[in-house]
Amino acid sequence: MIDREAPYTWIGRWLIALLMLLPVAWAVWASLQPVERLFVGAVFDEANADDAWQWENYRKAVTRLPVLRFLLNSMVITMAATIGTVLSCAMAGFAFARLRWWGRPVCFGLVLLSISAPVNLLILPRFLVFDALEWLNTYKPLIVPHWLAVSGFSVFLFRQAFKSVPRAFEDAARLEGATHWQLFWNVMLPMVRPAVGAVAALSAVVHWHAFFGPLLYLSDYQTFPISVGLRMYYKMQGAWPNLLMAVAVLSMIPPLVIVLVAQRHLMRSVEEPSVTK
Amino acid sequence: MRWRTIRSSPAHLGKIVTEPANRKDRTIWFVAPWLVGFALMYGVPLVYGCWLAMTDWDGIALGKAGWVGLDNFTALLDDSRFHQALENSLQFSILNVFSQLLLALWLALMVRHARRRGWWATIFYLPHLLSGVATWLIWAWLLNPSVGPVNRSLAMVIHTINAGLAWIGFEHAIDIDLPLWLYAPESARPALVLMNLWRAGGPMLIFLAALLRTNPAIDEAAMLDGAGRGRRFWSITMPQLLPALVFNVLTVFVASMQHFEAPYLLSNWSQNGALQFATLEIYQTAFERQRFSYALAQSIALMALLTGCCVGALIAARRLVRYDFSTE
Chain A
132 MIDREAPYTW IGRWLIALLM LLPVAWAVWA SLQPVERLFV GAVFDEANAD
182 DAWQWENYRK AVTRLPVLRF LLNSMVITMA ATIGTVLSCA MAGFAFARLR
232 WWGRPVCFGL VLLSISAPVN LLILPRFLVF DALEWLNTYK PLIVPHWLAV
282 SGFSVFLFRQ AFKSVPRAFE DAARLEGATH WQLFWNVMLP MVRPAVGAVA
332 ALSAVVHWHA FFGPLLYLSD YQTFPISVGL RMYYKMQGAW PNLLMAVAVL
382 SMIPPLVIVL VAQRHLMRSV EEPSVTK
Chain B
313 MRWRTIRSSP AHLGKIVTEP ANRKDRTIWF VAPWLVGFAL MYGVPLVYGC
363 WLAMTDWDGI ALGKAGWVGL DNFTALLDDS RFHQALENSL QFSILNVFSQ
413 LLLALWLALM VRHARRRGWW ATIFYLPHLL SGVATWLIWA WLLNPSVGPV
463 NRSLAMVIHT INAGLAWIGF EHAIDIDLPL WLYAPESARP ALVLMNLWRA
513 GGPMLIFLAA LLRTNPAIDE AAMLDGAGRG RRFWSITMPQ LLPALVFNVL
563 TVFVASMQHF EAPYLLSNWS QNGALQFATL EIYQTAFERQ RFSYALAQSI
613 ALMALLTGCC VGALIAARRL VRYDFSTE
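Sequences listed follow chains A and B, in order.
In this text, residue positions in the first sequence follow the working numbering: the first is 132, and each later residue adds one.
In this text, residue positions in the second sequence follow the working numbering: the first is 313, and each later residue adds one.
With the rest of the complex left out, here is chain B:
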């Protein structure tokens, strides 16, 4: 029989604590997989990476690698290629966070009171779950400047409007060049932001969950006091959404700063390096220029930078964000 000692103490009043039944029933067996996994995928790579970043390893002969200390990290300070990549990533990230979260919030507000809410949430979330290499390639074709359907539709619309205006006497009223999207330095990043808009379903779900947990009593009280829709949104809903907003800003920002798939698949010569993002630069340093140690130093520096940003933002947000909205 598997009956074990049951201890009851004032501290555990109402709770029952059993001794581990036997060696096979230890807590450690439940924790061990996670512990090993965490060490294997986070701990060891970080330590090993930091160590290798202080050598001049070329990725081939580990035996010939010499210790160089912090040289790789100091070299980062005047590596203009890397700085440019960081700048590109940062510009893209800011634009991306802003536009994606705006759309996500709008979607969440539209879904919030819908009658078949789950169904609508699924529809808007679907692109997020479908997006991968396949959808980047689909978008690349959609935005193809000469034969893609986006520019063709735009051209058709402009043509129709012009024809209408010409009929009442204005010749060549609208005379604009269609954007070259991924084939021009100035429009490549906006094109990528547009593609990312399509995936706003992820942050939308976070906003939606937060919206559904807002306290309706406060909103109701404000309405009885005569507050209009806009006023209620900014003064009642928005403060309750701030925790979700902080979470979304941080996760989307960190994800955008290490965006790899799209720039790797979609960069081309006519962009003049506009999609040369940090992660792509690191990948090329390692696998195309064979400077493994230096690429590791770049990875670690960017990781530290991002972690610092997040911690700083969280500390700053603590002053702004109220987490408890119970009416008691």
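Only chain A is shown next, with the shape it has when bound in the complex:
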């Protein structure tokens, strides 16, 4: 079999993996240190066993600014936006893959175009539209568009998934007199569960990290998500790197959990590659 790798590749793999996890490991370590250690102390290795882990750093960190509030806000926004993304993008993907309608090719071209649109440059015009709609300082700009299938990438993923469902299932359902909706909801959607998992996980992570949008659209700090809250923390408490790292670590837990839960769905194509002909 030709599928053999060059010798000692595994060493490189382990080394790079360790290097890549090091920043996160350092952040966890730093979040448990007294602040002086980070300024005068050491890197990992110097003997400092006399100090216990400073678990109260986390208590201090979440009381200096309403960090728990920020985390809660982020969770609300992320959940609402993710549910909307999955539902609306699945519907659009279904229409692109399984229904015939006038203008479909052109519209699909627009979907592909929207995948590569320079989003950070569009944000200023979008800001003005939201301003005109009087949506600023609410969560509407962060949630409503995602109920309208605004993520071209997710639409594309769903379309590919729906396209791969064998035609026979659709025919059988149609013969039974299923409506579009019944076909979509009862037959097709359960069959593309891996795509649902992948889109849900990826979009949840994206919404969790969203920064530029919330920075522009929200001005009351009580409504900030954790991304903007972290920046505020950095500006106000920057001299306390241990507390800053504690907040950073807290903010990385949800994406980490999402990735671990959805790992199988995300890496499906990697773990069982399609057989080449």
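Derived by calculation from the structure, the hints in this document are not laboratory data.
Be aware that a few hints might be false.
To be verified - Below, simulated EDC-like cross-link-like pairs (lysine to aspartate or glutamate); rule was C-alpha separation at most 20 Å, straight line:
| hint | chain 1 | residue 1 | chain 2 | residue 2 |
| --- | --- | --- | --- | --- |
| 1 | A | LYS366 | A | ASP351 |
| 2 | A | LYS191 | A | GLU167 |
| 3 | B | LYS376 | A | ASP262 |
| 4 | A | LYS366 | B | GLU600 |
| 5 | A | LYS271 | A | ASP351 |
Stated by the list, open to error - Footprint (simulated), chain A over chain B, 3 or more residues, beta carbon under 8 Å:
| hint | segment |
| --- | --- |
| 6 | 346-354 |
| 7 | 416-423 |
The beta carbon of each residue, even a glycine, is placed where N, CA and C say it ideally should be.
Add chain B to chain A, keeping to what the hints say.
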């Protein structure tokens, strides 16, 4: 009962087409959310933005805005601040695309034949999914020139080597200044590129997917003909990877050209404007200098520029890239 007319025609042989059952079951209900969303988030902002870019609106009183035509766009031509920002973005993007894709390709090649491939792919992809404001701030501390662990480790290594060399008779053998990373104009952008290297997992996944879909038969044939590893990589694997490479170059380039988070969070006075990137400049024009119309003109011009680059690159790539590698 929901039974509807089933039409069968030669064109639809073997397929069954039903009429829409009732008004609630129209295709339009599936398309409508996307249609409205596309209009709301792409169509309307673009048209509205183009229109406002031709006024002299200050962001406050829309009623007082006057029509100025293309003045904002012609003003762009001799705006040295904006040109400098574009240059900074471009320099960063080129460096970033090159280094990030090199690492991504290397990672993909390392993961390709691993026994627990999915697990390794997840490990390398993880930083990409974790990175946000939190990781930029972590990196800012890692690279802190005086107290950050990176420079401390470097100093320790150099100290150890020097001590060893001094013992055999060379005094002060290595005498270099450690980089100031984000606190010097010449090292700020490389520091940002280094931070971005950490996120190479995204493009790696694209490369990996392409690698797993390469045709093993061609590789096998070349091996039987006696081609070595390097030869097979350049002549067999690389041509099959070109579509993925084109995709990665374009997406990473467009993303780097509108990099906002990191420069916004990490710019400081000692950089002398090295991280003053295009998107940051646009943000400041709008929200700090209150020149909304002009900022819109900047956004639209850069969007047009990037789109032009992409279209040009895709047309050029059509000549180079072969998309079909079936052996039939």
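For each hint, the structure was consulted:
no.	hint	result
1	A:LYS366 <-> A:ASP351	holds (16 Å)
2	A:LYS191 <-> A:GLU167	holds (16 Å)
3	B:LYS376 <-> A:ASP262	holds (17 Å)
4	A:LYS366 <-> B:GLU600	holds (18 Å)
5	A:LYS271 <-> A:ASP351	holds (15 Å)
6	346-354	holds (count 8)
7	416-423	holds (count 3)
In terms of the numbered hints stated before, the structure departs from none.
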